[in-house]
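Go ahead and model the full structure; you've got the sequences and the hints to work with.
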Amino acid sequence: MRRNAEEPRVVDVGEQTTAVVAGEVPMSELREFFDAAFHELGQRIDRGELRPAGPALSLYHSEPGPVVQLEVGFPLEHKVAPAGSVVVGRIPATRAVTYTHRGNYDGLGSSWEKLRAWAQERHLRLAAPLWEVYVTEPHPGDDPEDMVTELYWAVET
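Going by this note's numbering, the sequence shown opens with residue 1, and the numbers climb by one from there.
In case anyone wonders, no lab produced these hints; they're calculated from the structure.
One should not assume that every hint holds.
Capping the alpha-carbon separation at 20 Å, the derived lysine to aspartate or glutamate pairs in DMTMM-like fashion look like this [claimed, not checked]:
no.: 1; residue 1: 114; residue 2: 7
no.: 2; residue 1: 79; residue 2: 40
no.: 3; residue 1: 114; residue 2: 145
no.: 4; residue 1: 79; residue 2: 46
no.: 5; residue 1: 79; residue 2: 49
no.: 6; residue 1: 79; residue 2: 15
no.: 7; residue 1: 114; residue 2: 40
no.: 8; residue 1: 114; residue 2: 63
no.: 9; residue 1: 114; residue 2: 143
Quick caveat, the model's predicted, so the values are computed rather than measured.
Put into structure tokens, the structure is as follows:
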């Protein structure tokens with residue numbers, strides 16, 4: 001397993017308009033929700049109805065528990081017309097702690113815990129939202145250890 005060489009840090013994030021599929025989903029159904037959301041978003045991209053301005057992301061409105069309220073989608077340069085399950089969302093301008101996770105999605109939980117511990121050691125108060133940016137898109141045959149995911153967790157200022 002590859003180690004994450006970078007340390008967490010504090011960043012200021014600008015507001016970002018997104019095209020997302022939103023839901024309140026049991027953790028046990030999260031994979032199916034992601035698959036369905038990205039399928040629908042992919043169809044809109046293929047038809048030219050939306051153009052992502054960056055990699056895929058998921059935004060959580062609170063810390064994940066048995067059920068999570070989240071949005072899955074892409075950042076946009078311009079708003080799009082809602083259609084089907086796809087709606088306009090946004091990542092608010094905020095100060096956040098961030099950490100780059102390298103490796104399989106199965107290790108994201110430990111990276112989130114590292115980010116939490118780092119923030120708490122510095123007496124930063126974590127708040128909502130928290131989000132993941134999937135810098136690398138997984139493809140069949142790719143080595144899962146080569147995947148890169150940026151984690152962001154808003155902090156109170």
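Against the structure, the hints come out as follows:
Under the criterion of a C-alpha separation no larger than 20 Å, the hint pairing residue 114 with residue 7 is consistent with the structure, at around 9 Å. Restraint check for residue 79 and residue 40: satisfied, since their Cα atoms lie roughly 17 Å apart, inside the 20 Å limit. Of the pairs offered as hints, the one joining residue 114 and residue 145 holds, with about 18 Å between alpha carbons and a cut-off of 20 Å not exceeded. For the hint pairing residue 79 with residue 46, the CA-to-CA distance comes to about 17 Å; that is within 20 Å, so the pair holds.
Under the criterion of a C-alpha separation no larger than 20 Å, the hint pairing residue 79 with residue 49 is consistent with the structure, at around 11 Å. Of the pairs offered as hints, the one joining residue 79 and residue 15 holds, with about 13 Å between alpha carbons and a cut-off of 20 Å not exceeded. For the hint pairing residue 114 with residue 40, the CA-to-CA distance comes to about 33 Å; that exceeds 20 Å, so the pair is violated. Taking the CA atoms of residue 114 and residue 63, the gap is near 15 Å; set against the 20 Å cutoff, the hint holds.
For the given pair, residue 114 sits about 23 Å from residue 143 by alpha-carbon distance, which is inconsistent with the 20 Å threshold.
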